[in-house]
Amino acid sequence: MKNCGVSSEALAEYIFGEMEPSEASRIAGHIKECSACREEIKKLSAVSEAVKSIEVDFSGDIWDMQRASIIRKLEKKEKQNVSIFRVFSPGFMLKTAGAAALIFILAAAGFKAFDYIKTVESRQAIAGNTEMLQNLEILERLDFYEKISAGKKQES
Amino acid sequence: MEKNRDQKHREDSEIIKEILRGSGPAMNELIKKYQKRVYNTAYGMSLNYDTAWDISQEAFVKAVRALPSFRGDSSFWTFLCRIVINTFYDHKRKVKSPGYAANFSDYSDDEDKRMFEVRDVINIEEDFEKKELKDRLKSALSALTDAQRQVFILKNNEGLKIREIAGVLNISEGTVKSHLNRSVEKIKNELGGIL
Ligand SMILES: [Zn+2]
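Top line first, the protein sequences correspond to chains R and Z.
In terms of my numbering, the first sequence opens at residue -10 and continues consecutively.
In terms of my numbering, the second sequence opens at residue 8 and continues consecutively.
For reference, chain Z alone in the conformation it holds in the complex:
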């Protein structure tokens, strides 16, 4: 897609300005730019492909609607991360709430309800060796607290600075560091033999 190559280098602030002026294509461009990162961050938090799909959709809806209040004193990506984290907790609350599974009426009128298993459309070759590592990884990451996992994913997979993570999670840098060290230790021990 030739057209998108030029757009890739556009500043977020420029795209956002256009969205706020009412440009549909700019909205499409912004979502496209962050779609994969948002999905994978949501996956890192939830460790569930379907949940990650729902969280990432919801996060984008919230983010676009919050754009008028985005002041640009942080990067758009960290702004988005904060929304993904909030949406993760919303989703968790919703799933925990009594009658969630039975309460189909909330969703039956939603024509955007996911009609497929996300796993079925992922591009991964699952050879046996990889599968074992993936399973071990998943259980290692599940063993972390939410906050530890969030810190580790934002640092390791998204490359945020400790200072930025502190802002996203609204905790001190010291706390971020201790979450990071704890999670490194835990994952290292959990994966022990197979690394």
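Bound-form chain R, shown alone:
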């Protein structure tokens, strides 16, 4: 048990960077002198690092796929006409609807590939789809969406 007068709460504040600079430098000085606080700080840092280690990452193609799925969900909501996108330019929904249709086709192929995610071939297949997804951004610059929008307009 520490009996130096510095509380565990204070040490936690110090570790989490929530202390006034003057107070923080006082604690920093104290830690040099007090082995009990040094021990406590070590433990707190270990806790902090351990909990940070729960973070995970995916490969880029998985993130791409999640993004495509989010955008698809957004498009679906728009189609159901619970629209908040009235603020958007009139062409927005038509444009994104065109993009969504394309993304959907590509991502659907990707989702099927998940059954075989562990095989190299399907990873390559997904990577191919992903590349195409990225190309969509370039296509938009070429006004590709405009053409789709025009086509959709004629249909409806």
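Be aware that a few hints might be false.
[Unchecked claim] Quick list of in silico lysine to aspartate or glutamate cross-link-like pairs, EDC-like style, CA-CA up to 16 Å:
(1) K62/R with D142/Z
(2) K40/Z with D46/R
(3) K145/Z with E22/R
(4) K41/R with D142/Z
(5) K(-9)/R with E38/R
(6) K137/Z with E44/R
If you are wondering where the hints come from, they were derived from the structure by calculation, not from laboratory data.
Dock chain Z with the ligand against chain R, hints included.
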């Protein structure tokens, strides 16, 4: 990706402005920027890889749809955190509601339904030592209350200020501090020997 390097330094407000003008690529950029943080925050709350995937997707849908009402007096990240927390509670309610497991009709028409186990696509090497720590961590974090866990994750993993966390969770700074201290104590005791 050369193109994205320039975009990395763009202010959120600038990206959001473009989204509100109808730019699809800007929407893609904004989601991409926060995707990993949102997923990991959702994981920190739910401690379940699949649930975190669903929560983070849903949170982005809500966030983008709420953009017109985002006034920019808080950072976009704290705005997003608040939505992740709300979505976490929505999800919890949904799972608890009677007939959830049986009620496939809600989901069967959803072509975006997750068709895979998230665990299968995570980049982690699970050596034995790490696995034990992870398991202990998970049970330590599960032992916290939702609010304690939220505070601890937002502070420790996301580096939010206590003041910001108070705003996100809509509680006082004093309450945030006491949640933080309680969770530190609990996790420390739970992990005891293996740190
Ligand atoms: Zn001391």
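For each hint, the structure was consulted:
1. K62/R with D142/Z: violated (34 Å)
2. K40/Z with D46/R: holds (14 Å)
3. K145/Z with E22/R: violated (35 Å)
4. K41/R with D142/Z: Roughly 14 Å separates the two Cα atoms, so the pair holds.
5. K(-9)/R with E38/R: violated (23 Å)
6. K137/Z with E44/R: holds (13 Å)
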